[in-house]
Amino acid sequence: MSCIKARGLRKNFGSTVALDGVDLTVEKGRIVGLIGPNGAGKSTALNAILGLTPFQGELKVMGRDPWSERDALMLDTCFIADVAVLPRWMKVQQILDYVAGVHPAFDRSKAEGFLARTSINKRSKVRQLSKGMVTQLHLAVAMAIDASLLVLDEPTLGLDLLFRKQFYDTLLNDYFDHRRTILVTTHQVEEIEHVLTDVIFIDRGRIILSCSMDDLAARFAEVTVNSQQAAEARALNPIGERTVLGRSIMLFDGVARERLAGLGEVRTPTLADLFVAMMSPNTAKGAAT
Amino acid sequence: MSMSTTGLTDLKSEDAAPGAYSFARLMAWCVRRELWENRSIVIAPFAITGLMIFAILIPVVKLAVGPLQFELGADARGAFPTDGLWIPYAIIAAPVLAIGLLVAIAYCLNALHGEGRDRSILFWKSLPVSDFTTVMSKAGVPLVLVPLVSFAAAVVAQVVIFAIVLLVFPLVAAKAHLVWNGMPVDYRAMGRVWAGVPAGYLTLAMLYGLFATALWHAPIYAWLLLVGGWARRLVFVWAVAPVAGLMIFEQIAFGTQRLEALFEDRLLGIGPRAFSEMGGNELPDLTPLRLLSDPGLWIGLVVAALFLGAAVLLRRYRQPM
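The listed protein sequences derive, respectively, from chains A and B.
Going by my numbering, the first residue of the first sequence is number 1003, and it counts up by one from there.
Going by my numbering, the first residue of the second sequence is number 12, and it counts up by one from there.
Isolated chain B (complex conformation) (with noise of 0.2 Å):
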């Protein structure tokens, strides 16, 4: 909060108005209210990371605790899988991508619409911020904040679970060591665990993943909010039942489902545009370029400034409710 004092609080004023803030500040201090008012953007993704942590724990501790219960096939005395350790830090993604998502559609959809159902816009526009900065803030949410948060969750449910692999690893090996009459125990496993982890990848993919999602995404998230500034009331209704309908009256006059093809992608597709294919235990290449040269995102990103463009319109034309 050290931003907090001015140092321009003893400006000698007569008549001459003080010059505005930079966008940058205003922005910033945007960004903060947005962090304030919905706390569930930090608290979300690192509730579901450490749920996860908490359900990987279990059957770690088990394996701690409990009798060991490795196959002894002829080769596996003394060496412990290393193949496929990735899954467990990479397993973090898909509900951290997912509860991300689930956030900035509940957001969006109040972002521009509680504050004007609680008349407190009449006090933001008594302050000397644009609607072009205030849309600018909440549309940098999804976009932006919401994939920083729970990229930084991520990261925090990797290093946790790792130390939890590092701990529990001597503690299985001692005890085989034990078990299985003097097997020798082969600590360089160890550093076979460690390479078995590709940890500059995983933390690459997942900051470029959560971006390349929120970007593929813009204009849906750009939409609610347009909504959510339009609709008096029953914003999800408004917001849904449009498309909804479109698609259906499609599939009644046309007998088409281009729309719904269409939406589906918008919502799912970004995985083969932003990675390659998957096969088996093997990590998927990242693919920026097919993604930056894939047409659909940038129109994306123009529907997605349209939309915006509009909600910013709306929030200076509309009186309170």
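Excised from the complex, chain A in its bound form (with noise of 0.2 Å):
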């Protein structure tokens, strides 16, 4: 059983298409990052996985149909989306015993122990954290939750960069075990690029990548084309071309390595290079994150 299995889903808000037939398989144990531009139907593929919205077409989350079986779905799915939605009226304390009270699979224990390695005292409320506290808190909970499915939407908006590469290591290091599976989104590519097993593109609601990491390496290559061999690498059909200090730099999907080793220098593209290369020219524009 896939972790998340989805089969043309789809998601209207009035003439605007969110989702527009969306194909998606999740396999268990993997760290999987959605990546698109703003508007690009990530938010709602999120919501659609987590049942926080209704939607068309067949969606399957850890065998649960999310929108009708939420709160089932929930005992073992287990979601931050967005920073700083904690209630800022509540005690650290409180949360622990809220949600200790109400999650089955919930280890106070396991909560407690993250959080004696941060300075937020459990005595304080929201309101009186930092925003880069209150997400270490978030996470503090969500990982003492024993969820299959962890699902992060931009967990680290607008943290500074100490707290975003802690988040991640903290994730990895004390929570990933290949029994569970991350869904992750954000915009900050670079930061989560070497923690990630999968990558999903959305653009326009629709999945214009799925591959996994491995598989990206061996399928894409990015070239530093010597200038007077330029015309023979445009011959090869480069899905995105950009100029860096007067030399061309192009991207190469499915050609070999060793056709391309003589036309310069070659590698794997970062992720980032690879997204502004993918995105439909229109949505690029303004997307370069």
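By construction, these hints were calculated from the structure, which means they are not laboratory data.
Every value quoted in this text rests on a predicted model; they were computed, and no experiment measured them.
Every residue gets a Cβ at the ideal spot worked out from N, C-alpha and C, and that includes glycine.
All clues given are correct.
Label pairs and their in silico Cβ distance ranges:
no.	chain 1	residue 1	chain 2	residue 2	range
1	B	ALA163	A	GLY1010	55 to 61 Å
2	B	PHE34	A	HIS1180	34 to 40 Å
3	B	LEU317	A	THR1272	52 to 58 Å
4	A	GLN1130	B	LEU218	38 to 44 Å
5	B	LEU317	A	HIS1180	48 to 54 Å
6	B	LEU324	A	VAL1246	52 to 58 Å
Below, a list of computed lysine to aspartate or glutamate pairs in the EDC-like style, where the Cα atoms sit at most 20 Å apart:
no.	chain 1	residue 1	chain 2	residue 2
7	A	LYS1030	A	GLU1060
8	A	LYS1093	B	ASP129
9	A	LYS1127	B	ASP129
Two chains, two frames, a set of hints: combine them into the complex.
Okay, here's the thing in structure tokens:
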């Protein structure tokens, strides 16, 4: 059983199409990055997966229909939607009490262990914590829930570099164990690049790329083309081309590395470069992150 | 907080998700959560009864330490008035009911509104608690919790007032003994004070009255909860304006005021349904059968259920703001 399986997933808001027939499979034990420009349908897809919004098409998360079984789904799915959604009036202690009260899979001592490593005072109210601390708190609560699927929607938005780095380190070292699945969206592609096992690009409600990071390295290549060979390189239909310091850098999809080696220096593209190259021209203009 | 350690934490679940907690347990935690967020539910009734006790204390202290001001009619000697001694106790009821109504209204306006406004609904929805359970716990606050807290505050107030009377009475009597030239002090009058206070009746009537009122007001609370969940801003205006608008429309279009009468009856009409008529110093009787056979009560409860059902659906479909 796949962790998430979507067939022809559609969602309209009036005449706006947010999801335009998405087919998607996320296997267990993967760390998947869902990446797309603003308005591409990332949040709508996550909302559908988490049972927060109705949808058309077929969608199963942990074998359940998220819309009709949201509360059951939340027994083994956990999500951090956006930063700072913890209720500001609540004390840290109360959050632990409440989650322990309603969630059978919550391990309170584990959460307290995570919190002990931070400077968060359990008697503080959420409103007294800095944005970074609120994120640490939410992550501590989420990681103490023995869930099979963890969904993170822009979990580090607006945090400084130290917190962002620490966030993903903690997630990898203390939480991920190949039995769980993590689905994460973010604009800070560079930071999660090395964390992911799989990547999904979404644009205008459609999946335009879905592959593992291993396949990605095999499939895509970026070449700093020697200037006299530019025409020759263009004949191989690069999916993207940009100029840096007077030299053309081209991105190829499915062209053998041996074939490219003669054209210039070949390497695996970064997710950010691949993302920019693959976005449709209209969205790419304003969305280079 | 003994419930906070679940005992289920060492669950060895590989793939199977653990079963959800019972509805009763989830409700208990949700209601507790409401109390954490809205401490005024507890503070307000006790504050108002505290104020009442303080108000009663002032004339009592004057009586105890000031000069005696009894009119010494021939028949008054040695006989303290014991009629209507229940009045100070019963007088607590009105402010407790009023503050309970205010607290409940303010609570309902914000209960489903606040979680959307501060987006904390995204946190609540990440937990295995259904929209139904959440809305029911929020409806439980004005319908069960506020009456219970008000009742507790009223009972405490009554005990305190009674203690004050018991303390002051001998003081006054002793002073009368001195002032009125060795007038015999009739300490049996103390017994009459006891007898003059129908404590059991007052306690029962308070509990009954609070819950009868809450049930009668159920459609108002449910409406406020629904509008709070629906309106993005100006909840109070959205809650009141349609009702007021319809009243004005009816007045202009048909020249009648049926809706206004209906609303007034819903707001204030519980008294004559739940209690017999009150005359002079006579205590009214409880009339639960009359209340339960009143179709208005049941129609109100059905309307409340419909509003709450709509609030559940709204919370389910609504995207956070």
